[in-house]
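Q: Turn these sequences into a full structure, and let the hints guide you.
Chains as they are written, first to last, in this note's numbering: chain A, 14 to 207; chain B, 32 to 212.
These are calculated hints, taken from the structure and not from any lab test.
Hints may contain errors.
According to the in silico footprint, chain B covers these stretches of chain A (three or more CB under 8 angstroms from chain B) [claimed, not checked]:
id	stretch
1	68 to 78
2	108 to 115
3	118 to 132
4	177 to 183
Beta carbons are placed, not taken as given, at the ideal position from N, Cα and C, and that holds for glycine.
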Amino acid sequence: MNTALSRLNTIFAFTLSVMAGLTFLCFLSTFFNEHKADVAINTGKVIVKNVPDYSAGREKNDLGFVVFDLQTDILFLDCPWLLTTFLPQGIFNWNVKQLFLYLFAEYETEDHKLNQVVIWDKIIKRGENSVLDYKKANTKYYFWDFGNGLRSNKNVTLSLSWNVIPNAGTLPKIQGVGQHKIEFPSEYSPNRFQ
Amino acid sequence: MGMMDFDFLDDVRRMNKRQLYYQVLNFGMIVSSALMIWKGLMVVTGSESPIVVVLSGSMEPAFYRGDLLFLTNYREEPIRVGEIVVFKIEGREIPIVHRVLKVHEKENGTVKFLTKGDNNSVDDRGLYAPGQLWLEKKEVVGRARGFVPYVGIVTILMNDYPKFKYAILACLGLFVLIHRE
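A: Here it is as C-alpha cells:
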C-alpha cells in the first residue's frame with residue numbers, strides 16, 4: 014500500500030499528532046505559572062447620584078462616579094515554569110496570547126451580600142505595551158448599583174484582575190495584589206450634568 | 032472510477048458472514064464509545080455541553096470562530112465578574128459565550144448577572160429575551176476553563192455547508208464498514 018494517497022494520509026496523521034503533542038507540552042510548561050503582580054490604585058473625588066437607569070427599568074438607582082489612578086507593569090508574566098532560569102524575565106510568556114484586565118468594585122448592600130461591578134477594562138495583546146500608568150482616568154462603564162446601596166457606603170473595594178488567554182491551555186483569573194477602598198459620601202450630588 | 036467501485040465491493044464480497052457482522056459491530060462500538068465519552072464528560076464537568084465551539088467573533092481577540100472551549104459547571108462554584116460564561120437565552124437556540132460584567136448576589140445564593148462580549152461596545156441586554164435585564168444561574172451552560180485554538184473549524188465548516196457534513200459522515204461510515212483490518 015505505497016500509493017501517494019496512503020503516504021499523504023500518514024504524513025497528515027503524523028503532523029497532527031506531533032502538533033497535538035507540542036500544544037500539550039506548551040500548555041504543561043506554563044500550567045504552574047502564577048501570573049501575579051502588584052497593582053497601585055488610587056482615586057480622586059468620589060460622588061454618587063440618584064438617577065433613573067434607563068438601561069434597566071427606569072427606576073432611580075445609585076450611580077457612582079469615580080476618577081482613578083492606576084499603575085502596574087505586566088513584567089510579572091514570568092517565563093515558562095521550567096525555563097525561568099534560561100530566558101529573560103519580564104515578557105509575556107510563550108503561552109500568553111492576550112491579557113484581559115478589568116477594574117471592578119466590590120461591595121455589600123442591604124439587599125445583596127455581594128456586588129461586583131466592572132468599571133473599566135483593557136485588552137493587552139502579545140507584543141503591545143504592557144505598562145499601565147493612568148492618571149485621573151474616567152471609568153469605561155457606568156457604576157450603577159442594583160438599587161440604592163452606594164450612598165454612604167464606606168466599604169467599596171476597587172481591585173484589578175486579569176484573565177490570561179493562552180495560545181492553548183487554561184484560562185486563569187488572577188487578582189492583582191493591592192486594592193483601594195473608597196467611601197461614598199452620605200449626600201447625593203445634585204442631578205446636573207457634570 | 033469504475034475500477035475503484037469494483038474494488039470496494041470485491042472487498043466486501045470476500046468477507047464471510049462473521050466478518051460482516053464484525054464490521055457492523057465495530058461500527059456500533061465506535062459510535063457508542065463516542066457517546067459514552069461525551070456523556071461521561073457531562074457527568075464529570077457538570078455541564079450539559081462540556082465542549083463548545085466558538086461560533087461568533089464577539090469575543091475577539093481572545094476567541095475566534097472555530098476555537099474550542101472546555102466548560103465546567105459546578106454548582107458550588109460562584110459566578111464572579113471577569114469570568115467567561117456560556118449561557119442559553121430562552122428562545123435562542125445557539126448558546127452565547129461572553130464575559131460577566133456585573134454580579135449581584137443575595138444572601139441565599141441567588142445571583143443576577145450581566146454579560147458583555149469583549150468585542151462588543153455595549154452589554155448584552157439587547158441579546159437577552161425581551162424585557163430581560165439579568166441572567167440567572169439556570170441559564171448558564173458552563174464557564175470556560177480551557178482553550179484550544181482552531182480545532183473546531185471542522186464543525187464550523189460542517190455547519191456552514193451541510194452537504195459537506197453528510198459527505199464526511201457517509202465517507203467515514205463507509206470506510207469503517209468496508210475497510211478490512
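Q: For every hint, state whether the structure bears it out.
A: Results for each hint:
{"no.": "1", "hint": "68 to 78", "verdict": "holds (count 3)"}
{"no.": "2", "hint": "108 to 115", "verdict": "holds (count 4)"}
{"no.": "3", "hint": "118 to 132", "verdict": "holds (count 8)"}
{"no.": "4", "hint": "177 to 183", "verdict": "holds (count 6)"}
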